[in-house]
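Colleague: Hey, can you work out the whole structure from these sequences and the hints?
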Amino acid sequence: MRGKRKGRQTWTFSCVEVLAGAAIAGPKEGRGPLGDRFDIVKDDELMGMRSWEQAEMCLMEEAVRLAVLKAGLRPEQVDFMLAGDLLNQIICCNFTARNLSLPFLGLFAACATFAEALALGSLIIEGGFGGAVLTASCSHNKTAERQYRYPVEQNVQRAPTAHWTVTASGAVLLGLTGGRVRVTHATIGEVVDLGVKNPNDMGSAMAPAAAKTISAHFADTGRSPRDYDLVVTGDLGEFGTALVRELLFEEGIDIMDRLADCGLMIFDEKQDAHAGGSGAGCSASVFAGHLLRELEAGRLNRILLVGTGALFSPTSYQQGESIPCVAHACAVERLEGGKS
Amino acid sequence: MDFLLAFIIGGLICVAAQITLDATPLTPAHVMVLFVSLGAIASALGLYQPLVELAGAGATIPLPSFGHALVQGMLEEFKLSGWLGLISGGLKATSLALTVAIIMGFLTALVFNPRD
Chain A
1 MRGKRKGRQT WTFSCVEVLA GAAIAGPKEG RGPLGDRFDI VKDDELMGMR SWEQAEMCLM
61 EEAVRLAVLK AGLRPEQVDF MLAGDLLNQI ICCNFTARNL SLPFLGLFAA CATFAEALAL
121 GSLIIEGGFG GAVLTASCSH NKTAERQYRY PVEQNVQRAP TAHWTVTASG AVLLGLTGGR
181 VRVTHATIGE VVDLGVKNPN DMGSAMAPAA AKTISAHFAD TGRSPRDYDL VVTGDLGEFG
241 TALVRELLFE EGIDIMDRLA DCGLMIFDEK QDAHAGGSGA GCSASVFAGH LLRELEAGRL
301 NRILLVGTGA LFSPTSYQQG ESIPCVAHAC AVERLEGGKS
Chain B
341 MDFLLAFIIG GLICVAAQIT LDATPLTPAH VMVLFVSLGA IASALGLYQP LVELAGAGAT
401 IPLPSFGHAL VQGMLEEFKL SGWLGLISGG LKATSLALTV AIIMGFLTAL VFNPRD
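Top to bottom, those sequences are chains A and B. Okay, so the first sequence: first residue is 1 according to my numbering, each after it adds one. Okay, so the second sequence: first residue is 341 according to my numbering, each after it adds one.
Possibly wrong hints are sitting among the right ones.
[Unchecked claim] Using 25 Å as the maximum straight-line C-alpha spacing, the simulated SDA-like pairs for lysine to any residue come out as follows:
1. A:197 - B:357
2. A:197 - B:367
3. A:270 - B:359
Because the hints were derived from the structure by calculation, they are not lab data.
Modeller: Here's what the structure looks like:
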């Protein structure tokens, strides 16, 4: 029984619509090229809270509440919430779900969490197990620095190939009717590990996983890069994006000018973000704040969002393990004729 | 001339550390330990003290001087109190720097909040 599965690892959806999206960003992200696309830009990274972690929870909760509000619903009308972040035990999402009193599934796929949430949320809607599903993820530069690198208080110099974890959150409400954009496919990626051990060069570590998922998506669906206006990876940065292009080319896929990267879109070169933005909030905020609007406005018709995640922990890295990576892809397109 | 030598020697030590940090996968913690260890080895071989006499602060401010102070403290204490001095001498000689670092760190954490 193949049913709604296409090829080896792709799900097809016929009735999953994006009802609303919301994106909240921190001050550095607000000064970037997409600054005016976010619903709210915070002018202070602490956001009036006592800790960076509380500030990140604040980002998450505001994005989630705003997405529900923009869809014209009340929080209690949401059936399920699927979300994740980068902190130990995904506390930002757990605590946000507590405040919202929603049936909640916590997810972790590092920076691919948003794509994973979108894929699983679509599965719930398509399967008839819910009519309004909230998907979200967030990250905060200062909590991620402490979690994965060095606490900002330690004032350690950053490596030139290091990414800049974005302070941002993105939330999307999926439903059955009422949207202008729909999710049509999700390709679940396999975990790929080519032995990269340097956590300051995650773009190169994640690129093979992204290339594998993108080529699997094209093989499963019979589509090609021509079928998409954009293939947007999550946070590969400069080095990783170049590597994906090369890897796909070796497989006979010419991605042409269709390849973009959320991490490169969110900051410009003058912002000293080194390899580009990263983090679970990167693809979430760029999708909910920018790409979704472009789709709704008709400036984009169909995109493939490829969330890319490095699945390591500080412990595994300190013990000398390499960095396994995963990428999940979601095909999102504009509904013809606007609201259905 | 003293200023110039301090500037050049101190600068060269920092350049070496920066290149190590940028060109290798070593973390800042690795580089710190490496340079303290190099200073200790150079000190034990009798190479670091001439550098201090030549460059003054240019050699005493950068990290290797901490290794130098550890080793010289051990050797001095060895002369005074024998083998046990090898164990106690290092920290004795560096206690001022360590205590100031801890107290200043604590006071700074009390007064200031981290920000971007």
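Colleague: It remains to establish, for every hint, whether it holds in the given structure.
Modeller: Verification of the hints:
1. At roughly 22 Å between alpha-carbon atoms, residue 197 of chain A and residue 357 of chain B fall within 25 Å of each other, so this suggested pair holds.
2. Using a Cα cut-off of 25 Å, the hinted pair residue 197 of chain A and residue 367 of chain B holds, with the two alpha carbons roughly 12 Å apart.
3. At most 25 Å may separate the alpha-carbon atoms for a hinted pair to count; residue 270 of chain A and residue 359 of chain B meet this at roughly 23 Å.
Violated hints for the displayed structure: none, as all numbered hints are satisfied.
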